[in-house]
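Using the sequences provided together with the hints, build the complete structure.
So you can see what is in the structure, the chains are spelled out below.
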Amino acid sequence: MSDHATTQHYTSTGLDSRKLAMWAFIGSECMLFGALISGYLVYKGRSVVGPTPEEILNIPVTTVSTFVLLSSSLFMVLALAGLVERNMAKAKLWTFMTGLGGLVFLGFQYYEFSSFVHEGLGLTTNLFASTFYTLTGTHGAHVAIGVTILLTCWVQMLRGKFGPEKAPVLEVAGLYWHFVDVIWIVIFTLIYLLT
Amino acid sequence: MAADEHQADAQAHANTATYLTIFAILFVITVVEVGIFYVGIPRPVLVSVLIVLSAAKFVLVVGYFMHLKFDSPVLRLLFAGPVFIALAIGLALLFLFGVFRLGV
Numbered sequence: 023m024s025d026h027a028t029t030q031h032y033t034s035t036g037l038d039s040r041k042l043a044m045w046a047f048i049g050s051e052c053m054l055f056g057a058l059i060s061g062y063l064v065y066k067g068r069s070v071v072g073p074t075p076e077e078i079l080n081i082p083v084t085t086v087s088t089f090v091l092l093s094s095s096l097f098m099v100l101a102l103a104g105l106v107e108r109n110m111a112k113a114k115l116w117t118f119m120t121g122l123g124g125l126v127f128l129g130f131q132y133y134e135f136s137s138f139v140h141e142g143l144g145l146t147t148n149l150f151a152s153t154f155y156t157l158t159g160t161h162g163a164h165v166a167i168g169v170t171i172l173l174t175c176w177v178q179m180l181r182g183k184f185g186p187e188k189a190p191v192l193e194v195a196g197l198y199w200h201f202v203d204v205i206w207i208v209i210f211t212l213i214y215l216l217t
Numbered sequence: 002m003a004a005d006e007h008q009a010d011a012q013a014h015a016n017t018a019t020y021l022t023i024f025a026i027l028f029v030i031t032v033v034e035v036g037i038f039y040v041g042i043p044r045p046v047l048v049s050v051l052i053v054l055s056a057a058k059f060v061l062v063v064g065y066f067m068h069l070k071f072d073s074p075v076l077r078l079l080f081a082g083p084v085f086i087a088l089a090i091g092l093a094l095l096f097l098f099g100v101f102r103l104g105v
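Each protein sequence line maps, in turn, to chains V and F. Mind the numbering: the first sequence is residues 23 to 217 in the numbering used here, read in order. Mind the numbering: the second sequence is residues 2 to 105 in the numbering used here, read in order.
Derived from the structure by calculation, the hints contain no laboratory data. Ideal Cβ positions, reconstructed from N, Cα and C, are used throughout, including at glycine. Check the hints yourself; a few may be wrong.
To be verified - Covered by chain F, according to a simulated footprint, are these stretches of chain V (three or more residues, beta-carbon under 8 Å):
# : region
1 : 35-45
2 : 49-58
3 : 98-106
4 : 118-130
5 : 172-184
Said to hold, decoys possible - Sample of chain F residues facing chain V (criterion: CB under 10 Å; computed from the structure):
#  : residue
6  : F28
7  : V32
8  : I42
9  : V62
10 : L69
11 : L76
12 : P83
13 : L97
Shown next as structure tokens:
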């Protein structure tokens, strides 16, 4: 049953339709984030009131959260490797750690946003605030969705309903997670380091 | 069994040692990025170096962690096409709004 459930997703192209769909989705997401990043860069330096990025962005804290997200990408490939090797203990551990990494990243983002608000940077304070919150908030929403997917997979593993036959499903979830990481790589450089 | 074979094939190209090596490279690049940010090198150099390093991290994650290096050309095209469009539109907007300028 499970083999049938897995193989029926293969198309005449020889590609798993779920994987094909995820890559098409990732492509569309690239254009979405391309638009948001362009919007931020176009309006950069045009705010007529502060706080400005130079005054408010906390590079050390964001560097730590960047390392957390990079680590979670490593955990994700280890989780998938565990599932493919039929090592469920390894798969469960690293799937949970990946989700935990995402939660820690969201914790850092909550800390960053709340400290910005305390320093007077609301959503409509200036052009920087609007474009910054829209971009990083959209990314954070993607992280939250990824965490939900990964922790759902983990719970299903604990219940014995997500075994090695579901490896293609975890691979597709992993593609989404790595994409979230890739977007953060770009955001960290263009928004934080090139202030 | 086709799914297992497919998965095993994808995994055969990259093992745990490869993943750890890629992660170590990503870690080092990020340390270098933050380091040169604080060193205070001339801005044109800083911008160029940071963009190259960021692109290297992007390619490593997509190529190895997302297995695109070992996957079907159809998937590579499905990803590279929209990335190219996003870059082209982004650059066009930056020129249109005067962030970048050609000539004087």
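Here is what the structure says about each hint:
Given a C-beta distance limit of less than 8 Å, the hint that chain F covers the region 35-45 of chain V holds, as 7 residues qualify and 3 suffice. Three residues within the 8 Å Cβ limit are the bar, and the region 49-58 of chain V against chain F gives 7, so the coverage statement holds. By the rule of at least three residues with a Cβ nearer than 8 Å to a Cβ of chain F, the coverage given for the region 98-106 of chain V holds, with 6 such residues. Beta-carbon proximity to chain F at under 8 Å applies to 0 residues in the region 118-130 of chain V; the threshold of 3 is not reached and the given coverage is violated.
Chain F is given as covering the region 172-184 of chain V, and this is violated because 0 residues of the stretch bring a CB closer than 8 Å to a CB of that chain, at least three being needed. Of the supplied interface hints, the one on F28 of chain F holds, with its beta-carbon coming within about 7 Å of a beta-carbon of chain V, less than 10 Å. At its closest, the beta carbon of V32 of chain F sits 9 Å from a beta carbon of chain V; the interface hint therefore holds under the 10 Å criterion. Given hint, I42 of chain F at the interface with chain V, is violated; its Cβ is 12 Å from that chain's nearest Cβ, farther than 10 Å.
Taking 10 Å as the C-beta contact cut-off toward chain V, the hint placing V62 of chain F at the interface holds, the least distance being around 5 Å. Evaluation of the L69 of chain F hint against chain V yields a held restraint, the C-beta minimum of about 8 Å falling below 10 Å. Here the hint on L76 of chain F is kept, as its CB sits about 5 Å from the closest CB of chain V, short of 10 Å. Of the supplied interface hints, the one on P83 of chain F holds, with its beta-carbon coming within about 4 Å of a beta-carbon of chain V, less than 10 Å.
At a threshold of 10 Å, the smallest CB-CB gap from L97 of chain F to chain V is about 8 Å, leaving the interface hint in force.
The structure shown violates the earlier hints numbered 4, 5, 8.
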